[in-house]
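Undergrad: The lines below spell out each chain.
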Amino acid sequence: MGNLTIEYKLNVSLVLLLLAIPAIALMLDEPFYITLATKVVILALAGVGLNLALGLGGLISFGHAAFFGIGGYIAGILASHSLNAELMFTLAGTEFDGTTNMLVIWPLALLVSALVAVFIGYFSLRTKGVYFIMITLAFAQMIYYFAIAWPAYGGEDGLSIYVRNQFMGLNTLDPIIFYGICFALLMSVLLLVSKLKNSHFGSALQAARQNEQRLAAVGIRPFGIKLTAFVISAMITALAGALFADLNRFVSPDMFSWHTSGEIMIFVILGGVGRLFGPVVGAGLFILFEYYLGGLTEHWALFLGLVLLAVVLFARGGLVGLIAGEVKHD
Amino acid sequence: MAALLEISAVETYYGQSQALFGVDLNIQEGQVLAMMGRNGMGKTTTIRSICGMSRIAAGAMQFKGIDIASLPSHKVAQLGIGLVPEGRRCFGNLSVEENLLVAARAASTELQPWDLARVTQLFPRLGERSEQNADTLSGGEQQMLAIGRALMTNPALLILDEATEGLAPVIRQEIWRAVQLLKESGQSILIVDKTLKELLPIADQCIILERGKTVFSGSPAQLDGQVQSRYLGV
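So the sequences go chain by chain: V and F.
Position 67 (the first sequence) corresponds to 67 in our numbering; numbering is contiguous.
Position 191 (the second sequence) corresponds to 191 in our numbering; numbering is contiguous.
Simulated from the structure, these hints should not be mistaken for lab results.
One or more hints might be untrue.
[Unchecked claim] Each computed BS3-like pair below joins lysine-lysine, with the alpha-carbon atoms no more than 27 angstroms apart:
no.	chain 1	residue 1	chain 2	residue 2
1	F	K75	F	K183
2	V	K9	V	K195
3	F	K75	V	K128
4	V	K197	F	K75
5	F	K197	F	K213
6	F	K194	F	K213
Between the sequences and the hints, there should be enough to build the whole structure, so can you do that?
TA: Here it is in structure tokens:
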């Protein structure tokens, strides 16, 4: 139980640190730090999504960029129609020409990513191990090439969102306000994931990771549990994608590329597979490397690779595992 | 009275090699059936076939009058067959309590239903260790957990595959005491075990498998020394 307390303390410290960042940035007169922290929070959210499938369910999805990109493109497409006052479609006589309201964009991103995840999961989850990795990658790459070849929404060049989307009348272009929105979403999702983990569903998912046949022997269909986890995981990552589009005010097919899938997986592995705050630590470290080392050398990714190698070889529980010890039961 | 589980002339293959050549068995409600036979004679394969983990190639299997021959294992479990697999296989990454709760299912029988409290009453050690991860338990405790987990599904038929194998004598006694209590409560049980001394007094009926075929079926009293030495090597 001692280790659990350490992890709990670590998690609380991370929350406090994230809360303090705007104040620190203002004190140092470096508002850019807020944007950097926003990026950490959004990428962490994408990682939290993958971590549900990968960490709890053992589903090594190498195609989560598909969902990240779907979230991004939903935000981008809706906003571009709305800002250009272009008709998107007509439904039952009502004309719909996009929206810049995040409260419409998010549910749509969740819905579309869920439908796509049901489709991808339905086929992928019939395979295991390296085949699952490859088939999820293949689906994501298919969407990537589709996005490149889709001139209506920018094709290879991507799509700009001139003004950040709206949230309940707040000035979302203010970095602190946008950071606050992203932070609140990350915290809500972490709370949800922690509840899920300790629910009957969470136990069944972890049991499926260990042995599907044994789970079936107590009357639970492993496929249903894994598909549900895959879909929820995809939705979380799609939400992060929608926020990422708003952060950059730009979406491009790169969001769908396998590099993105790889990066999301790196957040999870660096921070600690299956650890609640693992992706937060992982994304934080990734951005620190990208920003600080990236300022010193183009080859920053080499150093990140060395750290990743060290984590995989010597700290299987990731950085959270290194600090808080092996997973113990709560 | 109709049989709770009735399987006849079941044949099962592992790939190209045939493991079962015609297994028949029949369990009445409330009965304990002992399945015996030397190693490699098809006991575990029979159990795997019943539980939908190995597809049968020929024969019939009916549970509560329902054809279960082509059902996937989770459906078989939902119908009320609770398996305690060979080798005490718990979910090591879950706590004792989670192992039990994940299996919890509404009763499919008129027997007194099982819940956390009743399982920990049967095996008090599980109550003491409820927060521990299952992979930190001793072999005997894991076996108790595997039995408790199967009971949490409130099975109409409990299948115990080598439940006392490799355990210390004092733990074996505790398992046998639990099986005895289950029998007294009216639980139907299909049990495989090598210790005939403990098994036979508890069994209502027994069958012997030899090379994937049922070669003896009868009451423990009919199982004379000649049959035992011929098929069981005792």
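Undergrad: A separate judgement is required for each hint: does it hold in the structure or not?
TA: Hints, one by one, checked against the model:
| no. | hint | verdict |
| --- | --- | --- |
| 1 | F:K75 with F:K183 | holds, 25 angstroms |
| 2 | V:K9 with V:K195 | holds, 18 angstroms |
| 3 | F:K75 with V:K128 | holds, 22 angstroms |
| 4 | V:K197 with F:K75 | holds, 25 angstroms |
| 5 | F:K197 with F:K213 | holds, 24 angstroms |
| 6 | F:K194 with F:K213 | holds, 18 angstroms |
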